[in-house]
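> Below, each chain spelled out in residue letters.
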Amino acid sequence: MTSTLIWIAVGLFAIGLYLSWTAGRLDRLHARIDAARAALDAQLLRRASVAQELATSGVLDPAASIVLYEAAHAARQAEEEQREVAESELSQALRAIFTQPGQVEAVREAPGGEAAAGELAQAVRRVPMARRFHNDSVRAARALRRHRNVRWFRLAGHAPFPMAFEMDDEPPAALADRAAS
Amino acid sequence: MKIGIVCPYSWDVPGGVQFHIRDLAEHLIRLGHEVSVLAPADDDTPLPPYVVSAGRAVPVPYNGSVARLNFGFLSAARVRRWLHDGTFDVIHIHEPASPSLGLLTCWAAQGPIVATFHTSNPRSRAMIAAYPILQPALEKISARIAVSEYARRTLVEHLGGDAVVIPNGVDVDFFAKAEPKAEWQGDTIGFIGRIDEPRKGLPVLMKALPRILAERPQTRLLVAGRGDEEEAVATLPAEMRSRVEFLGMVSDEDKARLLRSVDVYVAPNTGGESFGIILVEALSAAAPVLAADLDAFAQVLDQGAAGELFANEDADALADAALRLLGDPARREQLRERGSAHVRRFDWSTVGADILAVYETVTDGAASVDTDERTGLRARFGLARD
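Going line by line, the protein sequences match chains A and B.
Sequential numbering from 137 applies to the first sequence in the working numbering.
Sequential numbering from 440 applies to the second sequence in the working numbering.
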């Protein structure tokens with residue numbers, strides 16, 4: 137009788153330990169998502185700022201400047217729900233402007249343009265990187281949260297179900313081309 | 440930035456991953472970063488100042504061959520001490536899924552972890568069995584790097600998740616500025632790789648050679664790499680054996696000079712390649728490249744724009760393509776030019792900047808690396824006082 141009770145106690149303890157460990161994993165994953173999201177925010181903001189700077193610098197022609205300024209401004213001011221759309225539109229605006237042959241060279245030739253073009257090239261490369269890392273962490277957290285033990289024992293607590301950040305982040309080919317940079 | 444790099448394979452054994460880590464560490468140090476590499480090594484091997492030994496690797500049969508791995512209590516303790524003493528901003532683990540130092544570090548660390556997946560092995564049974572153990576370790580990795588689009592695809596299929604593609608780096612100028620050697624020039628075909636490793640494809644080249652020699656008897660084949668030389672030429676008719684020259688193991692300088700000298704560099708590998716650093720080195724030296732159409736090779740050669748491809752394991756196709764190239768100096772010149780322009784994207788200046796961009800992305804908004812102290816039970820149930 138006593139030995140049965142001891143075995144039950146040992147079993148319960150093991151289950152508790154496992155659940156506690158899983159909760160720890162989940163906690164770490166949520167922390168990773170937060171960090172990845174902060175990094176993505178920083179990269180998106182950096183890209184919008186560089187784009188806006190370029191739009192107001194007078195290096196581009198007036199029409200392109202207005203298009204780029206609009207898109208960059210909208211991306212920076214977007215509400216959370218509109219963010220993905222606004223950032224995608226900024227990508228499209230950048231692509232539309234910098235696919236014109238000679239545009240990147242024209243920016244580089246302007247005084248201070250070399251640095252501006254370099255910053256923009258860096259920003260448009262890092263956004264897809266940060267987004268991929270963010271969505272990868274979201275996927276890992278989702279996979280664990282769908283596990284039945286996590287659902288039955290409500291190990292995720294009140295943490296919101298993680299959402300991927302979906303946007304068009306294709307960089308302009310002229311800026312992303314590594315051979316040229 | 441304080442960067443910790445984990446090398447899964449013995450530092451004293453030459454290999455692609457080891458060379459990659461050595462070059463990366465030295466590149467980062469030149470840029471002014473503080474780098475420490477944790478690698479398995481015998482205690483008496485001389486190590487560069489930035490390498491910390493994690494103890495001797497033990498040879499064990501794994502995945503069909505004998506691998507030298509680090510595991511067990513002692514290695515784990517060394518990993519924890521290295522992490523604790525290093526106070527790194529970011530750690531970069533290579534091959535985190537192999538049961539060696541990479542996996543141990545993944546278990547022991549917390550904070551920003553970057554991992555590079557080099558191989559694109561098909562999913563092994565051991566990996567399926569180990570999945571529940573592997574997954575909690577791999578999900579700590581904040582950023583994954585795959586060395587090619589092909590490696591990324593296998594990673595996505597086998598482990599889930601996503602990765603950015605950053606190719607392996609090469610010091611392009613080292614190869615581009617090497618001096619050609621006169622005795623290796625003039626109707627020469629080059630091959631570099633282990634002679635006795637069938638996956639490197641020397642047997643395919645040996646099968647194609649009689650046809651090449653029948654049409655162009657002045658051609659010579661220069662083979663650099665270790666292995667049994669007599670066995671390698673055993674399939675060749677006796678009178679043709681003199682057209683094959685074995686150079687044995689060559690130094691880095693000689694390798695660059697060889698690549699600068701040959702008329703065609705042939706890479707007949709039959710599989711098991713996830714990147715193909717030797718092709719990048721050949722392109723750097725402006726050698727016209729003829730390679731098997733493996734996924735990874737096709738990608739390095741820009742789908743055939745920077746070098747010619749032939750159907751994998753097809754000796755006749757290899758012979759045809761080699762004869763065409765040897766007889767067409769204009770085409771070779773064109774390949775040299777295209778290759779030299781294309782290869783710039785693999786230079787350390789570009790690759791290193793990309794890797795640093797990854798480091799900076801993951802350290803944005805994250806604390807530094809530390810040993811992973813498990814949260815106590817009390818804390819987890821909200822009972823501990825902060």
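Hint data in this document are derived by calculation from the structure and do not stem from the laboratory.
Heads up, a few of these hints could be off.
Quick look at which bits of chain B chain A covers, simulated, 3 or more residues with Cβ under 8 Å [stated by the list, open to error]:
(1) 578-584
(2) 592-604
In silico negatives: residues of chain B with every beta carbon more than 10 Å from chain A [unchecked claim]:
(3) P551
(4) P575
(5) D793
(6) A796
(7) V801
(8) T810
Ranges between beta-carbon positions, derived for each pair [to be verified]:
(9) B:E684 to A:A300: 53 to 61 Å
(10) A:S193 to B:S788: 23 to 31 Å
(11) B:D667 to A:D177: 30 to 38 Å
(12) B:R770 to A:S193: 21 to 29 Å
(13) B:F510 to A:I144: 32 to 40 Å
(14) B:P453 to A:E215: 54 to 62 Å
(15) B:D767 to A:A232: 41 to 49 Å
(16) B:F510 to A:R275: 34 to 42 Å
(17) A:D177 to B:S788: 46 to 54 Å
(18) A:R275 to B:L470: 53 to 61 Å
Source: prediction; values computed, not measured.
Where is the CB? At the ideal position from N, CA and C, for every residue including glycine.
> Give a verdict on every hint.
Against the structure, the hints:
Given as covered by chain A, the region 578-584 of chain B passes the check, having 5 residues with a CB less than 8 Å from a CB of that chain where 3 are the minimum. Given a C-beta distance limit of less than 8 Å, the hint that chain A covers the region 592-604 of chain B holds, as 5 residues qualify and 3 suffice. The beta carbon of P551 (chain B) is not kept farther than 10 Å from every beta carbon of chain A, the shortest such distance being approximately 8 Å. Distance to chain A contradicts P575 (chain B) as a non-interface residue, since its nearest Cβ pair spans about 5 Å, not more than 10 Å.
The beta carbon of D793 (chain B) is not kept farther than 10 Å from every beta carbon of chain A, the shortest such distance being approximately 8 Å. At roughly 6 Å, the least C-beta separation between A796 (chain B) and chain A is not larger than 10 Å, which violates its mark as non-interface. Listed as a non-interface residue, V801 (chain B) fails to keep its Cβ farther than 10 Å from every Cβ of chain A; the least gap is roughly 7 Å. Every beta carbon of chain A lies more than 10 Å from that of T810 (chain B), the smallest distance being close to 14 Å; the non-interface claim holds.
The hint said 53 to 61 Å for the Cβ distance between E684 (chain B) and A300 (chain A), and at roughly 56 Å that hint holds. Separated by about 27 Å at the C-beta atoms, S193 (chain A) and S788 (chain B) satisfy the suggested range of 23 to 31 Å. Remark: the range hint 30 to 38 Å for D667 (chain B) to D177 (chain A) is contradicted by a beta-carbon distance near 59 Å. One distance hint, 21 to 29 Å for the beta-carbon pair R770 (chain B) and S193 (chain A), is violated here, with the actual separation near 46 Å.
A hinted range of 32 to 40 Å for the beta carbons of F510 (chain B) and I144 (chain A) is consistent with their spacing of about 35 Å. The hinted window of 54 to 62 Å between P453 (chain B) and E215 (chain A) holds, with their beta carbons roughly 56 Å apart. Between D767 (chain B) and A232 (chain A) the CB atoms are about 42 Å apart, so this pair conforms to the stated range of 41 to 49 Å. Range check, F510 (chain B) to R275 (chain A): Cβ separation about 29 Å, and the 34 to 42 Å hint is violated.
A hinted range of 46 to 54 Å for the beta carbons of D177 (chain A) and S788 (chain B) is inconsistent with their spacing of about 29 Å. For the pair R275 (chain A) and L470 (chain B), the supplied restraint of 53 to 61 Å is violated, since their beta-carbon distance comes to about 32 Å.
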